[in-house]
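Now for the letters of each chain:
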Amino acid sequence: MITIKNLHASIGDKEILRGIDLEIKAGEIHAIMGPNGSGKSTLASVLAGREDYEVTQGEVIFNGKNILEMSPEDRAREGLFLAFQYPVEIPGVSNINFLKTALNEIRAYHGQEEMPAKDFLALVKEKQKLVELDGKLANRSVNEGFSGGEKKRNEVFQMAMLNPKLAVLDETDSGLDIDALRIVATGVNALKSKENAFIVITHYQRLLDYIVPDFVHILYNGKIVKSGTKELALELEAKGYDEVKKQFENVTK
Amino acid sequence: MLAEKTNTAQLIIDKISATAGKVDFIDNDKLSKALMYLENKGIPSNKHEDYKYCNTDAVFKKEFKNIEQKLNTISDVKNYKLKDALTIVVVNGNYSESLSDKIILKGLHLTSFSSLDKEQKQKIGTLANVETDAFIALNTAFSGAGFYLKIADNEQLQIPIHILYVSSAGSEALVNPRNVIEIGKNAEATIIEEQICIGTEKVFTNFLSEKFVAENGKLKSYTFQNEGKNGFSVNTNQVSIERYAKYDNTTITLSGSLVRNNHNVVLAAQNCEAHLNGLFTTKDNQLVDNHTLMDHQMPNCESNELYKGIINDKSTGVFNGKIFVRKDAQKTNAYQSSKNILLSDDATINTKPQLEIYADDVKCSHGTSTGKIDEVAVFYLNARGIGRESANKLLLNAFAQEVIDKIEVDELKEKILTLFENEL
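So the protein lines, in turn, are chains A and X. Residue numbers 1 to 253, in the numbering used here, belong to the letters of the first sequence in order. Residue numbers 1 to 424, in the numbering used here, belong to the letters of the second sequence in order.
I should point out that these hints are in silico values taken from the structure, not numbers from a laboratory. Any given hint might turn out to be false.
To be verified - Listed next, the in silico BS3-like pairs over lysine-lysine satisfying Cα-Cα at most 30 Å (straight line):
1. X:Lys-393 / A:Lys-100
2. X:Lys-78 / X:Lys-41
3. A:Lys-100 / X:Lys-372
4. A:Lys-100 / X:Lys-406
5. X:Lys-61 / X:Lys-220
6. X:Lys-415 / X:Lys-102
7. A:Lys-245 / A:Lys-118
8. X:Lys-47 / X:Lys-83
9. X:Lys-52 / X:Lys-102
10. X:Lys-81 / A:Lys-136
11. X:Lys-413 / A:Lys-118
12. X:Lys-65 / X:Lys-406
13. X:Lys-372 / A:Lys-14
14. X:Lys-47 / A:Lys-136
15. A:Lys-118 / X:Lys-41
16. X:Lys-393 / A:Lys-165
17. A:Lys-226 / A:Lys-245
18. X:Lys-30 / X:Lys-185
19. A:Lys-100 / X:Lys-41
20. X:Lys-415 / A:Lys-118
21. X:Lys-283 / A:Lys-100
22. X:Lys-47 / X:Lys-65
23. A:Lys-118 / X:Lys-83
24. A:Lys-100 / A:Lys-226
25. X:Lys-123 / X:Lys-41
26. X:Lys-81 / X:Lys-220
27. X:Lys-283 / X:Lys-363
28. A:Lys-136 / X:Lys-406
29. A:Lys-100 / X:Lys-102
30. X:Lys-220 / X:Lys-363
31. A:Lys-125 / X:Lys-81
32. A:Lys-100 / X:Lys-339
33. A:Lys-136 / X:Lys-393
34. A:Lys-136 / X:Lys-30
Since this is a predicted model, take the numbers as computed values, not measurements.
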């Protein structure tokens, strides 16, 4: 599905990603964990195409195409989805109109006709249930006045609507109470299939009780310093990030 | 300097005098004062404080060197009609009875300027003082044969009146449409004034309207300006509202090479209320200049203004909003807000709130903001597969919505929304 090779990225003069290698196959869930400032969110932003970051080396092959050459919208149209750590409020643009535009631009990219209004509304209804999102929220302006939990549920709702091949969840668990966490996780698990894949970026092991990863990677100082199965997350939880820092400080410098 | 100014005015007078119709509905005293004012003061240049960003003298010198007044006749306006409205048509400043709908609404009286009675004639020019502005003077001296519209006391019109001002010429031309609109006591009306320019040549439209809203009367007024490249206009609305009256205007400007709006409202008695809203989009080298005046003369009145501009390319937008609270106007509530989005590095916006307050117990506030399109929001939309162009459209639509939502005539709202989206 996606192959990341020797990815380096900087913001200004500061190099944040310092050679990331990662391979993800369809049907897999990969968790990326790491202490604050290790580059987790940068990785998510670089994949989605945020212009603030400059890729200095490496490549990202997504379904056979090097997406680093693509605009953010084309990456999304190719099936990449970023669930934002901080979803953006857009006053005056209704959630529904926003999703209809997104869905139809993605369809147009693939040479498909616009989705009939009736089918679209049926899809909205179906996916709304998945994340227990109030119908009223769907009609409101994008994320405007939403609580933290509602924003994150709205991200998963959008993901469900757009049905991406690869979804990157950037600290979707941050700021969520246990109920919201369960709802978000249920949504993700319902969307999981043999055809798609997930990258779950998180600081804590907690989310991984609900979304069980096939692989766990530890990111530190812009590099993946350790990979393993879900047990690695538990070990990390028990020992804390200080252990990682001690062990890899010299390796990554 | 004075000689130069006078020059432009004199040239205009010379060029249009020969073909101008007789202005026998305005008394001679006002006519001669108008001509004198015009000759003395000239067409305003950017040296004039009120026309600092709108150098009309230069516009005449550059764009209207060859005014020949070859005015076109118009045989049909059906493409511009609204379905559920009564249409009144003015062509090149003159009321056209043949293109207008027959007036069969109870309580609605329309009189062409050629058939006014004495009382009506006396009302003309009472709000628009010829010695305050060169364009009022110019319009007065060469006024087109407009109309006097009166809504009788206690009548509430159920359908909107759509006044279509068409300008069209086969040479450079200057036209001076004018009207008087009077809303009687306890009367209510919705009036849409639309300005279009459909000829092959440039036309300068110097529009003037005097609007009276009597005690407890309500006027919902919409101004829709879409004149295209050939359209240049100065549009003056002189409004006076009485006790318990309410005046609402929403001005939408989508095109026109030069659009200068002077919207002056006198809140002349206690407990009345005025709202002015505006939305304009500019591109290329366009200039849209909204000048408003809320003149609070008496206590317990309220005024509200919201103007939004989307400025692109090398174009310029201006908002100058003056709130004048006179000594007697205690307990005034007056608010003003101007918000603008600049879409290009070469675009300019000049906004100036002007508060002159002589009463001590009032609530007045103003705010202005100017920014670029929110790139954080654009990225969020991009990340969902929405391209740059659609993202801009969604965000600009959202920005404009607050003003477009003020339009309560559905048909007009849809028409403007469609044209607005095409402009983006």
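The hints, checked one at a time:
| no. | hint | in the structure |
| --- | --- | --- |
| 1 | X:Lys-393 / A:Lys-100 | holds, 14 Å |
| 2 | X:Lys-78 / X:Lys-41 | violated, 41 Å |
| 3 | A:Lys-100 / X:Lys-372 | holds, 25 Å |
| 4 | A:Lys-100 / X:Lys-406 | holds, 25 Å |
| 5 | X:Lys-61 / X:Lys-220 | violated, 37 Å |
| 6 | X:Lys-415 / X:Lys-102 | holds, 24 Å |
| 7 | A:Lys-245 / A:Lys-118 | violated, 54 Å |
| 8 | X:Lys-47 / X:Lys-83 | violated, 46 Å |
| 9 | X:Lys-52 / X:Lys-102 | violated, 43 Å |
| 10 | X:Lys-81 / A:Lys-136 | violated, 37 Å |
| 11 | X:Lys-413 / A:Lys-118 | holds, 25 Å |
| 12 | X:Lys-65 / X:Lys-406 | violated, 40 Å |
| 13 | X:Lys-372 / A:Lys-14 | holds, 28 Å |
| 14 | X:Lys-47 / A:Lys-136 | violated, 55 Å |
| 15 | A:Lys-118 / X:Lys-41 | violated, 64 Å |
| 16 | X:Lys-393 / A:Lys-165 | holds, 27 Å |
| 17 | A:Lys-226 / A:Lys-245 | holds, 12 Å |
| 18 | X:Lys-30 / X:Lys-185 | holds, 28 Å |
| 19 | A:Lys-100 / X:Lys-41 | violated, 57 Å |
| 20 | X:Lys-415 / A:Lys-118 | holds, 25 Å |
| 21 | X:Lys-283 / A:Lys-100 | holds, 29 Å |
| 22 | X:Lys-47 / X:Lys-65 | holds, 21 Å |
| 23 | A:Lys-118 / X:Lys-83 | holds, 29 Å |
| 24 | A:Lys-100 / A:Lys-226 | violated, 41 Å |
| 25 | X:Lys-123 / X:Lys-41 | holds, 25 Å |
| 26 | X:Lys-81 / X:Lys-220 | holds, 19 Å |
| 27 | X:Lys-283 / X:Lys-363 | violated, 36 Å |
| 28 | A:Lys-136 / X:Lys-406 | holds, 23 Å |
| 29 | A:Lys-100 / X:Lys-102 | violated, 45 Å |
| 30 | X:Lys-220 / X:Lys-363 | holds, 25 Å |
| 31 | A:Lys-125 / X:Lys-81 | violated, 40 Å |
| 32 | A:Lys-100 / X:Lys-339 | holds, 28 Å |
| 33 | A:Lys-136 / X:Lys-393 | holds, 24 Å |
| 34 | A:Lys-136 / X:Lys-30 | violated, 60 Å |
Figure legend: structure checked against the earlier numbered hints; hints not met, in rising order: 2, 5, 7, 8, 9, 10, 12, 14, 15, 19, 24, 27, 29, 31 and 34.
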